[in-house]
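J.: Sequence:
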Amino acid sequence: MKLTEWTMEEQELLIHFMTTNTWPYHGNSHPARELIEKTIEEGGYQSDEVKTFWVENEENSKVGIVKIYDLQDEIPLFDLRIADEARGRGYGPKALKMVAAYVFELPEVKIRLEGHTRQDNFAMRKTFERAGFVKEAQLRQAWFSPKESSYYDAVTYGMTRDDFLKGTATPVNWDDDFNKKAKNDEDQSFAEEFYTERLVIRAPKIEDAQEVWKSIIQSHDALKDWMPFAQKKQTLEETTTNLRQSIADFITRKDLRLHLFLKDTGEFVGSSGLHRIDWNVRKFEIGYWIDSKFEGKGLMTEACERITQFAFEELYANRVEIRCDSENVRSRSVAERLGYILEGTLHHDSLSADGKNLRDTCIYAKTKN
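Going by our numbering, the letters in the sequence shown line up with residues 1 to 369, in that order.
A hint or two may mislead.
Said to hold, decoys possible - Only pairs whose alpha carbons sit at most 30 angstroms apart, straight line, appear in this in silico DSS-like list of lysine-lysine: (1) Lys67 to Lys51; (2) Lys233 to Lys166; (3) Lys254 to Lys232; (4) Lys166 to Lys224; (5) Lys254 to Lys205; (6) Lys166 to Lys214; (7) Lys233 to Lys356; (8) Lys232 to Lys205; (9) Lys97 to Lys205; (10) Lys67 to Lys94; (11) Lys62 to Lys254.
Hints are computed from structural coordinates only; laboratory data are not their basis.
The whole structure should be built from the sequences, with the hints applied where relevant.
T.: Right, dumping it as structure tokens:
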């Protein structure tokens with residue numbers, strides 16, 4: 001791996017990188033082109049104070065970007081971002097070690113290097129620790145998320161020049177409940193791809209957009225009776241935007257959308273997942289829709305059976321629900337074939353997919369033995 005300095009000639013490449021990946025733990029999770037252009041124009045990526053580098057892997061592919069700023073100060077800061085498809089491959093810690101080496105080998109002596117992240121960004125916190133950084137502070141409600149209009153705790157990690165030169169990481173003499181939470185929640189870390197006899201079930205990827213969009217268009221007539229998103233024919237751009245949000249939600253564990261593909265051919269079959277998640281109770285709801293051409297083959301039942309198993313065995317679920325319109329016979333039959341118990345019917349609980357009529361909702365559930 002290596003760091004390669006970004007140049008103004010690569011402006012379009014930088015804009016593409018920033019706008020086609022998701023940044024769920026940053027203040028702006030989907031930065032617009034205009035904002036990035038303005039930042040570039042104002043020297044936000046290249047100046048006496050700021051240097052920007054591409055993170056390139058062994059095949060010279062650009063897998064991330066890092067911006068080091070406050071370079072005229074004795075304590076620089078940085079912003080490290082790894083592309084969606086490159087996450088989980090160990091690039092983050094390696095890149096951060098190279099950033100530290102760059103900063104502490106500058107002719108102008110720097111006494112420390114620091115970075116900040118949201119308290120619940122466990123992936124970045126692990127990156128800091130694996131690169132030899134030490135947690136130094138937790139600032140309560142110091143990180144504002146405009147999208148959620150909510151405040152989160154912010155966590156600061158640092159590396160001193162002395163620790164860098166000695167190859168050590170001197171801990172601060174205090175702790176929070178991060179380790180306990182990571183242990184209790186298994187760090188909410190789990191396999192993002194699993195299988196059935198006929199299917200591959202995995203987390204969504206941005207490259208799925210074209211196939212998902214085609215499937216929605218081809219199945220529009222069947223979906224519009226039950227799915228609010230199918231009330232009008234989506235554009236590819238709308239499907240892609242929705243997919244980006246789903247990827248971000250998967251990363252932050254707010255919602256676990258899952259895509260289904262045939263093992264033999266790789267064809268996209270449909271979408272399912274675990275929604276309305278309550279991690280305190282460990283309660284999940286399975287939702288699903290299938291491409292019309294695959295109806296009647298038992299594939300969605302097969303998928304939901306495996307997702308139910310995944311929820312109980314990997315996510316330690318206490319309760320899994322399937323909720324559906326009482327008139328949606330196909331959806332109800334999936335729950336019944338899997339042995340879910342009909343716990344009740346909520347009369348006039350929701351509107352029909354087109355929003356014109358009141359409907360009853362059936363609640364099916366399985367609970368931990």
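J.: For every hint, state whether the structure bears it out.
T.: Against the structure, the hints come out as follows:
1. Lys67 to Lys51: 6 angstroms, holds
2. Lys233 to Lys166: 61 angstroms, violated
3. Lys254 to Lys232: 26 angstroms, holds
4. Lys166 to Lys224: 63 angstroms, violated
5. Lys254 to Lys205: It holds: about 16 angstroms lies between the C-alpha atoms, which stays within 30 angstroms.
6. Lys166 to Lys214: Distance ~56 angstroms between Lys166 and Lys214 Cα, so the pair is violated.
7. Lys233 to Lys356: Measuring from Cα to Cα gives roughly 18 angstroms; hence the hint holds.
8. Lys232 to Lys205: 24 angstroms, holds
9. Lys97 to Lys205: Judged against 30 angstroms, a Cα distance of about 28 angstroms means the pair holds.
10. Lys67 to Lys94: 15 angstroms, holds
11. Lys62 to Lys254: 28 angstroms, holds
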